[in-house]
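As given, the protein sequences belong to chains A and B, one line each in that order.
Position 375 (the first sequence) corresponds to 375 in the working numbering; numbering is contiguous.
Position 212 (the second sequence) corresponds to 212 in the working numbering; numbering is contiguous.
It should be emphasised that the hints constitute simulated quantities derived from the structure, not laboratory data.
Be aware that one or more of the hints could be misleading.
Where chains are identical, the list cannot tell them apart; a pair therefore holds if satisfied intra-copy or between any two copies.
Result set (EDC-like, lysine to aspartate or glutamate): computed pairs, CA atoms no more than 20 Å apart in a straight line [said to hold, decoys possible]:
1. Lys170 with Asp136
2. Lys161 with Asp84
3. Lys170 with Glu249
4. Lys381 with Asp210
5. Lys296 with Asp178
6. Lys296 with Asp344
7. Lys161 with Glu143
8. Lys161 with Glu68
Listed here are the chains, written in short residue letters.
2 protein chains.
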Amino acid sequence: MTSARHSALLVNPVTRSNPRRTEPLPAKYAQEKSDHPAPSAASECTPARILEVGFGFWGSKVLLTAVELGVFTTLGGRSMSAGDLGNALGLHPRGRYDFLDCLLSMGFLQRTGTGPDGRYSNTAQTARFLDRSRPDYVGGILEMLNARLFGYWNDLGAALKTGQPQNEVKHSQTPLFDTLYANPERLEQFMSAMRGISADNFAALADEFDFSGFNSLCDVGGATGLLSTIVAERHPHMICQSFDLPQVEPIARRWIERSAAAARVAPVSGDFLKDPLPRADVITMGMILHDWNLDKKKHLVRLAYEALPSGGAFIAIENLIDDARRENTFGMLMSLNMLIEFGDAFDFTGADFWDWCQEAGFRRYEVLHLAGACSAAIAYK
Amino acid sequence: MTSARHSALLVNPVTRSNPRRTEPLPAKYAQEKSDHPAPSAASECTPARILEVGFGFWGSKVLLTAVELGVFTTLGGRSMSAGDLGNALGLHPRGRYDFLDCLLSMGFLQRTGTGPDGRYSNTAQTARFLDRSRPDYVGGILEMLNARLFGYWNDLGAALKTGQPQNEVKHSQTPLFDTLYANPERLEQFMSAMRGISADNFAALADEFDFSGFNSLCDVGGATGLLSTIVAERHPHMICQSFDLPQVEPIARRWIERSAAAARVAPVSGDFLKDPLPRADVITMGMILHDWNLDKKKHLVRLAYEALPSGGAFIAIENLIDDARRENTFGMLMSLNMLIEFGDAFDFTGADFWDWCQEAGFRRYEVLHLAGACSAAIAYK
Chain A
1 MTSARHSALL VNPVTRSNPR RTEPLPAKYA QEKSDHPAPS AASECTPARI LEVGFGFWGS
61 KVLLTAVELG VFTTLGGRSM SAGDLGNALG LHPRGRYDFL DCLLSMGFLQ RTGTGPDGRY
121 SNTAQTARFL DRSRPDYVGG ILEMLNARLF GYWNDLGAAL KTGQPQNEVK HSQTPLFDTL
181 YANPERLEQF MSAMRGISAD NFAALADEFD FSGFNSLCDV GGATGLLSTI VAERHPHMIC
241 QSFDLPQVEP IARRWIERSA AAARVAPVSG DFLKDPLPRA DVITMGMILH DWNLDKKKHL
301 VRLAYEALPS GGAFIAIENL IDDARRENTF GMLMSLNMLI EFGDAFDFTG ADFWDWCQEA
361 GFRRYEVLHL AGACSAAIAY K
Chain B
1 MTSARHSALL VNPVTRSNPR RTEPLPAKYA QEKSDHPAPS AASECTPARI LEVGFGFWGS
61 KVLLTAVELG VFTTLGGRSM SAGDLGNALG LHPRGRYDFL DCLLSMGFLQ RTGTGPDGRY
121 SNTAQTARFL DRSRPDYVGG ILEMLNARLF GYWNDLGAAL KTGQPQNEVK HSQTPLFDTL
181 YANPERLEQF MSAMRGISAD NFAALADEFD FSGFNSLCDV GGATGLLSTI VAERHPHMIC
241 QSFDLPQVEP IARRWIERSA AAARVAPVSG DFLKDPLPRA DVITMGMILH DWNLDKKKHL
301 VRLAYEALPS GGAFIAIENL IDDARRENTF GMLMSLNMLI EFGDAFDFTG ADFWDWCQEA
361 GFRRYEVLHL AGACSAAIAY K
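The shape of chain A in the complex, shown without the other chains (with noise of 0.2 Å):
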């Protein structure tokens, strides 16, 4: 029992027998890294990962709600007491003191001083990634997070007992997107969200993928125009067209109109589910596939064929499973949250998807891996 009882259950131990003092002992939310699924010598069977699991969504609903209250963006480049940043944010005293210190033993926050005379600031990640008013800002999507799928994903049971979705539709029967397109505000925010967290793929893919026998390229639901105008950033000789729906355009035309090459760059109306695909050397789906159905995902593979010429290239972006189903969790995650999200859509692997681009009649296929647990699986024709 002697490893148990001295693992790390996401802290470190208050120094043993050291009255009113703590050893400044390195910080471990993430507990020790566990070789599993390896099994465990019967020395190391402990009960430690699974309670750090199972209490793991404290922490991640503690960074949430921060996002939420705009903990990083109220305190920007400065250090605020608990009081002052508190008194800005809302915040009751109970909790103040609760809250900015878990934040800050997570590593989300810096302070200096104890208590009352504590002064809190942003660390440089933070900093950079969670005020709304810095350009690389990637909380749209945790804020997408804590709204909806926080709440949504504690029916997972029901989920996976029907096969049903478990968000607004279960209330409103309309399913997501014609919520979202209905909306021009949640359109805005939900594509900002995407942004957020794509914009390190895309760019891997514009600096990996080898453009130089391609001329165009389509981005197909290419949203906020952002997968075309990062590829005609870095490759000049690349023309692209951003393809979505006619409610997008607006929105996609303000944000490439920012773009250095927004010469290169069009938006082009239309709906994947009912119209051809405009014609390109290169076709695009950035985390488009996961959100249909099997039928839904071969009509894609498909319009995909169709819309390229002999040799042009049809690429998937996605948190694309390994092949074994052993390694990418958040990909699996992921399609759990296709899962809540629509019912029958669903993530795949890279075999999934080679078979259904085989059947299409494609000729060659690869994985190019991006970012985390994103990659690229691409298919020749």
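Given chain A, put chain B in place with the hints provided.
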């Protein structure tokens, strides 16, 4: 941007440009161990950890749901196909593989084969700690997290703004403990959950605190009598009383009867908000003080002082927050949980405890680390 692009987000990358094949890289749910809160060098400024924690509730909810549905209990010592296991659990086909393969990739299941030929089984940890029929079951606390706290924590923002609890009270006006104590079945569930997460801490106290100078112990809020039986079993000279409300006595009696030291452990009924405590050389309170506001905490400290002889020890077992409030994330999260459960109740540092103890007349103080985030704060009269 290179380090951002290649950092892992809950996942191992699908092997770069390697069609239809994935290297068996070690799984990394817990992400690389970062040295936060030390400010990172510019080259390490990525949003990876922000996104990992923000999305963290997904994996947490998958594990909690697996416990709720009885995945680990149904498997027991067997291996089962996704079809058989899904049928046994009443799972719709849509989510079966995503759900089970998520658990696999997070290290909570094992699998031989893939797809319809795959057979799932427990890991050493889930077989021992998450099968309801096993004595080391810790799933009680996870069942409570899933059934109650996941939903209530969705109102953390409201709790922080109002300082008010966000649990059953919000709807019924009846405080948690009143509801619990009015329902014998729920009371037993709650006590079983607490038992599961307390056993390691109580065993550590029994092993590491020097009981040689003491003959009697009273565990205040003793619930099932776990601490008393563990101390009595390991220290044959100790006589223990487990003090709790009259409703608890039949539950405690049943548990105590199973102990080899049952003859030296007695359940004693009383209400620590109204009655004095039984006299004893050692007074213990395991996860009791944190349930109350400052006035009631100080009242409990005074009661302990009054019940002890000179030289007697008052031991509070808690997720004691480090005095600098920088390290014990779990202790601070637990304090936010007390906000959600009770409003004005809170977790505390060793320094806070010692302040209250000095006010009551205690002379000396020490901290003994137990297991994980948990410590014993010990004051001597």
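- Message: Hints numbered earlier in the text: which of these fail when held up against the supplied structure?
- Response: 1, 3
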